[in-house]
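Novice: Below, each chain spelled out in residue letters.
Protein chains: 2
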Amino acid sequence: MSEELTGNVLVAQSGGPTSVINASLAGVITEALNHECIEEIYGGLNGIEGILREELVDLAAEPQKTIRGLRYTPASALGTCRFKLRREADFQRVLQVFQAHNIRYFFYIGGNDSQDTADQISKFAARAGWEMRVIGIPKTVDNDLVVTDHSPGYGSVIKHIATTVRELSLDALAMGQHDTVHILEVMGRNAGWIAAGATLAKRRDHPNDPPHLIYLPEVPFEPNKFLDDVAGVLKKEPFCFIVVGEGLVDEDGNYIATSSRSNDSFGHSQLGGAGDYLKSLIDQHANGIKTRSARLGHTQRAAATGASETDMNEAFMAGQAAVKAAIGGITDKMITLLRGDTDNYTCETGLADLSEVANGVKQLPRNWINEDGVSLNYQFTKYALPLIQGEVEVPRENGVPAFIRLSKVRVDKALPAHTFD
Amino acid sequence: MSEELTGNVLVAQSGGPTSVINASLAGVITEALNHECIEEIYGGLNGIEGILREELVDLAAEPQKTIRGLRYTPASALGTCRFKLRREADFQRVLQVFQAHNIRYFFYIGGNDSQDTADQISKFAARAGWEMRVIGIPKTVDNDLVVTDHSPGYGSVIKHIATTVRELSLDALAMGQHDTVHILEVMGRNAGWIAAGATLAKRRDHPNDPPHLIYLPEVPFEPNKFLDDVAGVLKKEPFCFIVVGEGLVDEDGNYIATSSRSNDSFGHSQLGGAGDYLKSLIDQHANGIKTRSARLGHTQRAAATGASETDMNEAFMAGQAAVKAAIGGITDKMITLLRGDTDNYTCETGLADLSEVANGVKQLPRNWINEDGVSLNYQFTKYALPLIQGEVEVPRENGVPAFIRLSKVRVDKALPAHTFD
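Note that the protein sequences, when read in sequence, are chains L and S.
Sequential numbering from 13 applies to the first sequence in my numbering.
Sequential numbering from 13 applies to the second sequence in my numbering.
Source of the hints: derived by calculation from the structure; they are not laboratory data.
Heads up, some of the hints might be wrong.
Identical chains share a label here; the pair holds if one copy fits it or two copies do between them.
Heads up, simulated DSS-like pairs for lysine-lysine below, C-alpha to C-alpha not over 27 Å straight-line [stated by the list, open to error]: (1) Lys247 / Lys420; (2) Lys420 / Lys135; (3) Lys302 / Lys336; (4) Lys248 / Lys425; (5) Lys96 / Lys302; (6) Lys247 / Lys394; (7) Lys420 / Lys248; (8) Lys135 / Lys77; (9) Lys248 / Lys135; (10) Lys394 / Lys77; (11) Lys77 / Lys336; (12) Lys135 / Lys374; (13) Lys374 / Lys96; (14) Lys394 / Lys425; (15) Lys425 / Lys135; (16) Lys302 / Lys248; (17) Lys394 / Lys374; (18) Lys336 / Lys420; (19) Lys96 / Lys425.
Looking at chain L on its own, in the form it has when it is part of the complex (with noise of 0.2 Å):
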């Protein structure tokens, strides 16, 4: 595979912001600066959806401060989509694209589908004789990419979590006997990573502190073990504060609650989602308990002020790492984070196949929570607590943060419009 393969960059992001996606777009920015055999580089437009409308913009264009401001903007700058390549004209139409601006080098920003988006143009492309790299950027605020050790995103959602835990905890311990019950519904469809993450909360040395019960989708849901949990926590505490992650399911694996209005398995009708189904559990089930209950919904994902710094300088380096790989003559991976064996915690760059990581999705182990079903063993708080580490510092004006955005110089179209269906 030739070392020096010269021609253009195209990066792009694909599915759920995170607080630090646009850092891993820096980092490729940047870096591709930095080399002579790459000549242009562009970013395509709400993902893969955007290249096959052939919307691509020069990156090369933007200011400087608008690059580094990309570090503590929120959500994908460059728009993104959840859109799946199916159709054999769909690749023949990201192909053309790509030889018509010359795109020698992929870069693409995502979780597990994008990942999967990413390994299948790989593979297309390649079959079409077209030399070209394609390096896939782990990004998800679940956390639930295998081989890496963890994804960009994730550290910052859960720091935003446990600070948000340790806010409210004083607000539900000063009103004492008023309040009882305190409910914040956080994401995570699939695995409890970020549920989990709220017990980062707690002091070192209290394990009794908020979060008290810590409900995850790994954990099937028993109605009645859980008022048993809320009526113990009350015994001992003067109030009981609840993390539950959205995707929480029943003995049969289906959703306890979902976002339209349904029935559930009590016959119960209901609106929202798994924090309202536990408020309306309490509420119907134990007297005289009030419930609070705050559902914190996309803020999560997009909280830059006060997102974790040692996040973002890892997208920003998984960003960077993808280029000097692709560089490299490396093709068909997807970067991962590295924990070193070390006490004081490191994090390198790897690699791992694009096909590897589409295919799983990495589960919270079950031994790091405990036999309770509702809290979390030191495994967890060793592996997350690193991850929080430091804050990103986000410019202000007028009292509100200054994020950046992206002016989106177009690059001129070169073929005809595509036809998607």
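Following the hints, put chain S in place on chain L, whose structure we already have.
Specialist: Below, chain S alone, put in the same frame as chain L:
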């Protein structure tokens, strides 16, 4: 009135906590230490309810670094209550506690109801011939206290919300066509001050920035107009960002949403708050539009990280001013914040009669709301923008905020237990 009234201080906190209520407590303690006529500085636990129980702590025994830490520690460090003094026996009990501990200075940090309590205690003590000074210190995220230009706690909550809106709107923008209506429910049961603050997320000279629609309790809610509003925004913008105050009311003045299950005017059963209700209207009456909603709950009033430095400083100043006023012979007043009439924002303290504050509710001026009923004009921005300037720096431990906790050294009880009924 004697200028040199020698005796002890009692300070307590009441009502819903804020991010900066403890800064006022720190102001009281710091200033009280400067005056030789003040012998002991006691805190009452859980507001007037704890005072009835004679639950006092010695605040002068707290380490200095704890007092400094109060400035950035959210929620009422002394605990709070929503207890209303009604019975003659309760007033007598309060006086007995004051007499037993030689309380000559009573500072009560709270909102309308708390100022009412302070007023009644002040008048009861005067009638009983117990010489003392009673000063209220304003506190409320709701910003609905009269006379004062604004209330400590308000600037921080709207700074948090404006920041969240700015972050979340980048997430919404990135998602492109995928999620078209985003709803953020914020606090504000009786006034729209908090929801209005979301408008500070807009960039200067970008009136079409999110939030596109702000629904306030001051403007009776009409479902059909709401659906028209949303459709109108979606014609022009790639997504629609809505902020709604929890206390939204219909044309008859009834709350649109209640925290318990009920039927709305459309005959829909519902669970949850105003945001869920708006979501259900869209889900049921606007085909093909996806909705995402978040409910910040009490997290917004506890968000000390990223709180307004201006707000924190003014909260501290209000606590100091209360002590200075009392030492100077003033009683039965609440500290107010007065805005200078210069172009550059300045703020100093003033005084208002407790009785005047106790009976008033400050509404958001109708002429600060545009005719469309869903946006605020420049007068609101001019008012609110200075209140969110500067950021509170919260020290961290292990990546999460290192808040302080009072050691709460108990003062020996001198009285028999109080019976509450």
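Novice: Take the hints in turn and mark each one as holding or not.
Specialist: Hints versus structure:
1. In this assembly of identical chains, the alpha carbons of Lys247 and Lys420 lie at most 27 Å apart only when taken from different copies (23 Å versus 58 Å within one copy).
2. When the C-alpha separation of Lys420 and Lys135 is checked against a cutoff of 27 Å, the pair qualifies neither within a copy, at 29 Å, nor between copies, at 66 Å.
3. For the homomeric pair Lys302 and Lys336, neither the shortest alpha-carbon distance inside one copy (56 Å) nor that between copies (40 Å) is at most 27 Å.
4. Proximity of Lys248 and Lys425 under a CA criterion of 27 Å is satisfied inter-copy only: 25 Å between copies versus 67 Å inside one chain copy.
5. Taking the shortest Cα distances, Lys96 and Lys302 sit within 27 Å of each other only across copies (19 Å), while inside one copy they are farther apart (45 Å).
6. Taking identical chains as interchangeable, the C-alpha atoms of Lys247 and Lys394 are never at most 27 Å apart, the minima being 30 Å within one chain and 50 Å between chains.
7. Taking the shortest alpha-carbon separations for Lys420 and Lys248, only the inter-copy value of 20 Å comes in at or below 27 Å, while the best intra-copy value is 57 Å.
8. Taking CA atoms no more than 27 Å apart as the test, Lys135 paired with Lys77 passes in neither setting, with 36 Å inside one copy and 61 Å between copies.
9. For the homomeric pair Lys248 and Lys135, neither the shortest alpha-carbon distance inside one copy (59 Å) nor that between copies (40 Å) is at most 27 Å.
10. In this assembly of identical chains, the alpha carbons of Lys394 and Lys77 never lie at most 27 Å apart, being 36 Å within a copy and 29 Å across copies at closest.
11. Proximity of Lys77 to Lys336 under the C-alpha cut-off of 27 Å is restricted to the intra-copy arrangement: shortest distance 23 Å within a copy versus 48 Å between copies.
12. Taking the closest pair of Cα atoms, Lys135 and Lys374 come within 27 Å of each other only inside a single copy of the chain (24 Å); across copies the shortest separation is 66 Å, beyond that limit.
13. For the homomeric pair Lys374 and Lys96, the shortest alpha-carbon distance inside one copy (21 Å) is at most 27 Å, but the shortest distance between copies (53 Å) is not.
14. Taking the shortest alpha-carbon separations for Lys394 and Lys425, neither the intra-copy value of 50 Å nor the inter-copy value of 45 Å comes in at or below 27 Å.
15. Taking the shortest alpha-carbon separations for Lys425 and Lys135, only the intra-copy value of 25 Å comes in at or below 27 Å, while the best inter-copy value is 79 Å.
16. For the identical chains of this complex, Lys302 and Lys248 are intra-copy neighbours only, at 17 Å inside a copy versus 43 Å across copies, given an alpha-carbon limit of 27 Å.
17. For the homomeric pair Lys394 and Lys374, the shortest alpha-carbon distance inside one copy (18 Å) is at most 27 Å, but the shortest distance between copies (50 Å) is not.
18. Proximity of Lys336 and Lys420 under a CA criterion of 27 Å is satisfied intra-copy only: 25 Å inside one chain copy versus 57 Å between copies.
19. Taking the shortest Cα distances, Lys96 and Lys425 sit within 27 Å of each other inside one copy (23 Å), while across copies they are farther apart (70 Å).
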